[in-house]
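Colleague: Turn these sequences into a full structure, and let the hints guide you.
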Amino acid sequence: MYSINKIYEPKSLQEALEVYNDKPNLVIIAGGTDVLIKLRAGKLKDIELLSINNLKELNKITYEKDGTIIIGAMTTFTDIFRSEIINKYIPILAEASVSMGGPQIRNTATIGGNLCNGAVSADSAPSLLTLNALLKIESLNSKRLLPITEFYEAPGKVKLNKGEILTEIIIKKEDYENLHGKYIKFSNRKAMDIAMLSVAVIGGINNNKFTKLRIALGVSAPTPIRCFKAEEYALYKEINEEVIKEIAKLTLEEARPRDSWRASKDYRLHLIKVLTYRALNNCVKMAGGYISE
Amino acid sequence: MSFKIIGKGVNRKDAYGKVTGKAKYADDFFEKEMLCGKILSSPYAHARIRNIDVTEAEKLPGVLKVLTYKDLPYIKFATAGHPWALEAKYRDVADRLILTDKARFVGDSVAAVIAENELIASKALELIKVDYEVLPHVLDAEEALKEGAPIIHDERPNNLVSDFGNEYGDYENDFKNAEHIMEGIYETSIVQHCHLETQSAYSYKDIDDRLVIVSSTQIPHIVRRIVGQALGIPWGKIRVIKPYIGGGFGNKQEVIIEPLVAAMSLAVNGKPVKLTLSREECFVNTRTRHAIKFYIKTALSKDNKLQSIHIRGFSNTGAYASHGHSIIMSAISKFRPMYNFKSFKLEPKTVYTNLPVAGAMRAYGVPQIIFALESHIDDICRKLKLDPIEFRKDNLISLGHEDPISHVKVRSFGLPECIDRGKKFIKWDEKKKNYQNQKGDKRRGLGMACFSYFSGTYPVCLEVAGARIILNQDGSVQLQVGATEIGQGADTIFAQMVAEVLGIPLDMVHVISTQDTDITPFDTGAYASRQTYIAGAAVKKAALEVKEEILKYASQKIGVETINLDIEDAKIINKNSGTEICTLEDIALETFYDRVYSKPITSDTTVNIKTNAVAYGVTFAEVEVDMQTGVIEVLEIINVHDSGTIINHKQALGQVHGGVSMALGYALSEKLIFDEKTGKILNNNFLDYKLQTIMDTPKIDVDFVETYEETGSFGQKSLGENPAISPAPAIRNAVLDATGVYFNKIPMNPQTVFEKFKEMGLL
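From first to last, the protein sequence lines stand for chains A and B. First residue of the first sequence: 0, per numbering that gives the first Met the number 0; consecutive thereafter. First residue of the second sequence: 0, per numbering that gives the first Met the number 0; consecutive thereafter.
Misleading hints may appear alongside valid ones.
To be verified - Partial selection, computed: residues in chain A whose CB lies under 7 angstroms from chain B:
| id | residue |
| --- | --- |
| 1 | 143 |
| 2 | 144 |
| 3 | 191 |
| 4 | 259 |
| 5 | 260 |
| 6 | 262 |
| 7 | 264 |
Said to hold, decoys possible - Cβ pair distances, simulated, as ranges:
| id | chain 1 | residue 1 | chain 2 | residue 2 | range |
| --- | --- | --- | --- | --- | --- |
| 8 | A | 37 | B | 155 | 39 to 45 angstroms |
| 9 | A | 154 | B | 29 | 55 to 61 angstroms |
| 10 | A | 40 | B | 89 | 55 to 61 angstroms |
None of these hints come from the bench; they were simulated from the model. Ideal Cβ placement from N, Cα and C applies to all residues, glycine included.
Modeller: As C-alpha cells, then:
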C-alpha cells in the first residue's frame, strides 16, 4: 500500500502540460521504478502523481532525414536496446540500456525517467554525454533545447523548472557518424545492479590519431561528467600505449569520486583509470586504430 | 540394493501446483476483516527505554491497539527451534521478550500496532513516542568480551553466552613433539538466508476459543510450544498450521513473529491479524548467519601427518542468544570425522553484541569452520610445498572411524572417491601445469575443499519423527508426516519411499503437505538435513506396517501364506511364481466393506533414531582473477557428494545447484554491512546486499558417489545443507593458487580484493 492521494493520467502531452502548469507540485511518474521505490520506503508520501504513461507521442525512436536520432522520453530501456536504429547508429546506448536493472525493470523504466531522476549512477547518462545529446524540455508556454552536459546540477537534481517535462532526447548525426564507442559498467553483479562506476568512451580515428574523443564517467563525481581535459589532450596525438595511459590518467583530474560503504574513493579512482584505459583500447580497435608500444 | 522408485528422478509432487500459482503460502490466505500488524523497531543499537507513549498512535482512526512490553506477560523465552529439553541445563537461553523493554540492536522490536490496513499501521508507528536513554554499544565479538564492554543482558554481564568446548588426547604433547606448527586466522562475515518468502503469519481465535496461527515455518510443533511458553498459555490451546513455504534455510527454524502475531490477535479479542515482514525487516529482524573468527593452530609430524589441532573461535550471536552456542558446537563436532587428528582442543566462545540476531542457517556453523579449516589446510600445503590433494588424502580418517567424544561412527566413507572424481573432472594436473608462472592481468587458478557433515542432530538432540499412512478404497494412500516440506522436496522423497515399500505407483501416494499441529504426527521439523534420514525411517516403518496389514488381509482372503505374497504395481502377486492374484484395490475395498472382517488399514507410527550418518563431499573450482579490478570469476565448479543412496536424482541436483549458488555469494559477494558508529544496517535490500543473480552463476557440475549407509532406511545420508559447505574455501584456495594472495576473510568482493592487492604491493 502506497501513500498516494491522487493520480492524474492525461492522455496527451498538451493535457499533461496543462495539468502540470496548474499543479506544479505534482510528482511525475514515468516507468515508476524510482518513484514507487521512494513511496514504498516512505521517502515520498501523501503525494499527488502525474502519470505520463499514456503519452504515446513520447514513446518513439525515429531517424530523421538529416540523420538526427530522436528518442522519446517515455521510451523504455527494452525498446531502446532492441531498436534497430539505436543498434545501427549508436550501439553504445544499446549497450548501456541492456546493462540497466533486470528484464522487468527494463520493460518499464524509461530513458527520460533515468535522466530526470538525476542519479549519478544512471546507466544512460555517460553514453548520452559522449553522444552530446540534446534534451528537449517543454512546458505549457515554452520549449527549449538543453545540452545534456548542462542538465545535471547536483546529486538527484537536474535543471527542470516547475511545469517542465523532458520530452525528447536528440542526437545529431555529426555526434555519432564514424565514431565508435564503448560503455563499461562496473558493478558487483552482472545483472540487477547499479553501477559502482561507469565509463563511456566514443571516438573517431584517422591516421591512428584521435580526430574526436569524448569520455564520460558515472559515479565518479556528484553528477555524471565529461572529462574535457583528457579529451583535449588526446586530440591528434599519435596513438600509443603511453598516450592511452596518459588519457586514462587525465580523467582523474575531473573526477571527484566519494568514499562510501559501497566503494572507497581510492578504489573508484583506481577503477576510473583502469576502466577508461580498457574502454579506450576497445574504442581504438573498433575505430580502426592500433596501439603501438 | 535395487529399487524401483527410489533413485529415480521423478518430478516434484508439488511442481505443477507451485508453478501455476495454485499452492498457497501464508500470505495468500484471507480472513474476513483481517487486520494488519506492524512493528516499531529501535533506531538505536543499545538503549534503555524510559517511556513509551502510545496515546497519539491509538487515537489515529483505524488503529485498534498499540502494544508494548507493558501489555504483555513479562516472560523471557528462547526462540531456537530445538526439541524441548526436559533437563533445564540443556535448554536454550531464554533471553527474549515478545516486545522488548530494552533495545539491544537497531531493529529490536519495541512496539506493535494493530490497524485496519498497512498504511494506517505505518502512520501509527510514526506517532508512537519512545523516550530512549542511549547506551554505548559494541559490535565486535572480541571487543564485547573485554573488561568494561557495554553489558547487553544483565543476566550475563560478560556478554558470554557460553564457552563450552571439547578436548581429546594429549594435545600438549602432540604440539611439543611436532615437526611443524602452523597457524592461521580465518574469518567469515554475516550473511542472510534470503528465502524468497519473508516471514509471514496470521492468527485468530476459532470457535472453540483456541488460538490458530498460520505461519511460514519449518517447525510447526515447536512454534506451538514456544508461543505457549511466551504467552503463558497451555500448549493445547494453540493450533499451528504450516502451508507451502517459500524457503527457510534455517531462518524459519526459529520462532520469530508467531508469538507477536498471536499476542496481536489476543489484544483485539481474537480477531484475525496478519503480520508479514518486508524484505528490509527480514534482513534486520529475523536471523543471520553467525560471523565467526577462528584462530587455528595445527601440529604436524615429520612425515606431514596432522597430529593435533587447536581451534579458538569467536562466534558473534548478536543481541539475543537464539541458537547461540549450538551453532559453533555443531561446527566443532561436524568437521571431526574427516582428518585423523590424534588430539584436539576446541575452544569456542559465543558472544552477545549489539548486532541483529544470528541463528540457524544452512549447515549450522559448518560453512564457517570448513572455510577456516580448508583454507588452513591449503596454507599448510603452500608453506610446506605439498600437494593439497595428496596431503588431504594422506590425512583422512578411514572407514569405521569413531569420534572419541560423540561416538558417531563412520559406516560409509565415499570421500576419497569424491576427491578422485572431482580432480579428474576439473583436469587438475593438466591445468595446474598450464597455469604456472602467469604474468598477465587475468590469472587462473584451481582450488578444492572437502567437508564432513551429519544427518540430523543425534546424539546432541532428540531425533523423533512421526508418520501416518491411510489406505484408501482404491489402494492409494495418504501419507502424513510431521516433517515439513519447505521447498527442499521432502514430500516427494517420502512419497517415493512409500511407493517403493508398498509396490504402488508414485501417483497413488497422496502426501498431505500441510502440517497442522492438531492432526499431524509429531516431528520437530525441517532442519539439520534430517528429513530423508530421520523422517525417512518413520515413513518406511509406517509403509511396512501398512504392507504387512495388507498382505495379512490378502492372505486370509486368498488362502496363501503372507510369506509367499507381495505387492507389485498395485497388484497382489505370488512372490514365487510372479503371477498376479488380484489387484490391491480388490483387497483395499474389502478392508473397508467386508461385513465380517472390515478393518480399514492405517498406520500411525513414530521413530526415535539413535544413530547418525556422516555425509561427505568435495568442491573443485577454477577461477580467473582480474588483477587490475579485483574481480574474481568462477569458470568451473563441481561438487561431488557422498550422501549415501540418492533417493531422487533430479531433486538432488537441484539441491546441489541451490547450495553451491548460495556458497558462491558467501565466497564472493554477500555480506551485511553495518555502520560502525550507529550499528545500523546499511544494505537491507537486494540492491545493496549482493545476492548473486543467475547471470553471475557459472555452470555448476554435480556428481554423486553413492555409498550405502546401513543406518539409513534406504541407505541414504543427508544432502540438504551439504552443498553450501565447501565451495567458499575451494574458491578461496583457487584464488590463492592464481594470485599467491591469502584471503583469510570472506567475501572476496572486488573492493576487498583491491585493498588486499594494494596491501601486497600488487597494484
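Colleague: What are the numbers of the hints the structure violates, in ascending order?
Modeller: Going through the list in order, the structure violates hints 1, 2, 4, 7, 9, 10 and respects the others.
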